[in-house]
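Asks: Sequence:
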Amino acid sequence: MATQPLSDYAEQQRARVLCVSDRLANLAVSDDPQHYPRSTTTWSLEDFKKDFKVKINRLTKHRIEFDLIGVDVSVANALRRIMIDEIPTIAIERVYVMNNTSVIQDDALVQRLALIPIKACPASFGYKTDHKGNPSELNTVFFKLKKECQRNPEAVDQETNPYELYINSHVYSGDLVWEPWGNQGERFVDDPIRPVQDDILIAKLRPGQEIDMEIHCTKGLGKDHAKWSPVATASYRLLPEINILQPIKGDDAIKFKNCFPEGVVALVKDDDEETMAKIVNPRKDTVVNKEVLRHKEFDNKVQLTRVYDHFIFNVESTGIIPPEEIFPLAVSILFQKVGIIQSNLEKLIISH
Numbered sequence: 544m545a546t547q548p549l550s551d552y553a554e555q556q557r558a559r560v561l562c563v564s565d566r567l568a569n570l571a572v573s574d575d576p577q578h579y580p581r582s583t584t585t586w587s588l589e590d591f592k593k594d595f596k597v598k599i600n601r602l603t604k605h606r607i608e609f610d611l612i613g614v615d616v617s618v619a620n621a622l623r624r625i626m627i628d629e630i631p632t633i634a635i636e637r638v639y640v641m642n643n644t645s646v647i648q649d650d651a652l653v654q655r656l657a658l659i660p661i662k663a664c665p666a667s668f669g670y671k672t673d674h675k676g677n678p679s680e681l682n683t684v685f686f687k688l689k690k691e692c693q694r695n696p697e698a699v700d701q702e703t704n705p706y707e708l709y710i711n712s713h714v715y716s717g718d719l720v721w722e723p724w725g726n727q728g729e730r731f732v733d734d735p736i737r738p739v740q741d742d743i744l745i746a747k748l749r750p751g752q753e754i755d756m757e758i759h760c761t762k763g764l765g766k767d768h769a770k771w772s773p774v775a776t777a778s779y780r781l782l783p784e785i786n787i788l789q790p791i792k793g794d795d796a797i798k799f800k801n802c803f804p805e806g807v808v809a810l811v812k813d814d815d816e817e818t819m820a821k822i823v824n825p826r827k828d829t830v831v832n833k834e835v836l837r838h839k840e841f842d843n844k845v846q847l848t849r850v851y852d853h854f855i856f857n858v859e860s861t862g863i864i865p866p867e868e869i870f871p872l873a874v875s876i877l878f879q880k881v882g883i884i885q886s887n888l889e890k891l892i893i894s895h
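According to my numbering, the sequence shown is numbered sequentially starting from 544.
Treat the hints as calculated values from the structure; they're not laboratory data. C-beta atoms are modelled at their ideal positions from N, C-alpha and C, and glycine is treated no differently. A few of these clues could be false.
[Unchecked claim] FRET-style restraints, in silico, Cβ to Cβ: (1) P678 with L888: 58 to 66 Å; (2) V850 with A769: 45 to 53 Å; (3) V739 with P804: 29 to 37 Å; (4) T672 with D615: 16 to 24 Å.
[To be verified] Capping the alpha-carbon separation at 30 Å, the derived lysine-lysine pairs in DSSO-like fashion look like this: (5) K821 with K798; (6) K798 with K812; (7) K687 with K604; (8) K604 with K798; (9) K844 with K792.
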């Protein structure tokens, strides 16, 4: 039997999530070639290469927004989870408290310290478990934190600003002092190990109070503890698609425009110089906006969908790894996982 392309309706059922007033429809999608009779939906590598795209839309020091196009939701979600959980970093693991007379209890203070991102190249260190659990220059980074608060003898009378009234009244992440071990000083001479930000407040002290600690940092994964995650957030959403099925004009056009976030809809003039609604940038509709579906005058005039294989990723780095490097690292880890599965399947086939 000859095959043919899918009809417009079947293609929408296959490739679009439909937003209706009370639910999301078309959530179950199948790429099985037998799912749509007489169609040419068989998967092929050449078609995948043609359709697959990664497009960077925005890049800053700590954030990246990019489009991942042409993959299944299972792949997109696997990459998201890997970015959160399985890219290794260096984080504070053990804190030895020599003295802590601040108002913050030892355990609470240690928890605050653990979440300070540490700027250190994870590839330059091994896991502590690889060295029988013993700390060494190859798996551990040392910091010292020692601060004692005193009154400022030069403070003027009636001074109330603690920064002027006291010395060392605030303890910041920048007060962590890296203690190179072995040849670490030589290995990282061009990029010393340090906290990502120097202005993270750890504690406030008053005269007579002191913090004295030795801090050990090790390599780990976010799936073991969030402190090892290289991202603050990593999320995606499907690309919005808004179709105007019938012209929306006059006062209805203004009302239609106000149903969406700024920049999604523009008001233009038609050939008769009448105000008319036009979709200009649907991706600015950052939520599943159903406001327009509440108004009877727009029934059968607009259709809201989401493109099933077009993902808009937003990734915020903690600063340990540049944001533009996080996604490629996730892809390489996914390849490693697939390689392990392939190798084990080959062994299973051979054994049978």
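Asks: Run every hint past the structure and note whether it holds.
Replies: We went through each hint and held it up to the structure:
no., hint, verdict
1, P678 with L888: 58 to 66 Å, "violated, 39 Å"
2, V850 with A769: 45 to 53 Å, "violated, 31 Å"
3, V739 with P804: 29 to 37 Å, "holds, 32 Å"
4, T672 with D615: 16 to 24 Å, "violated, 34 Å"
5, K821 with K798, "holds, 12 Å"
6, K798 with K812, "holds, 16 Å"
7, K687 with K604, "holds, 28 Å"
8, K604 with K798, "violated, 39 Å"
9, K844 with K792, "holds, 11 Å"
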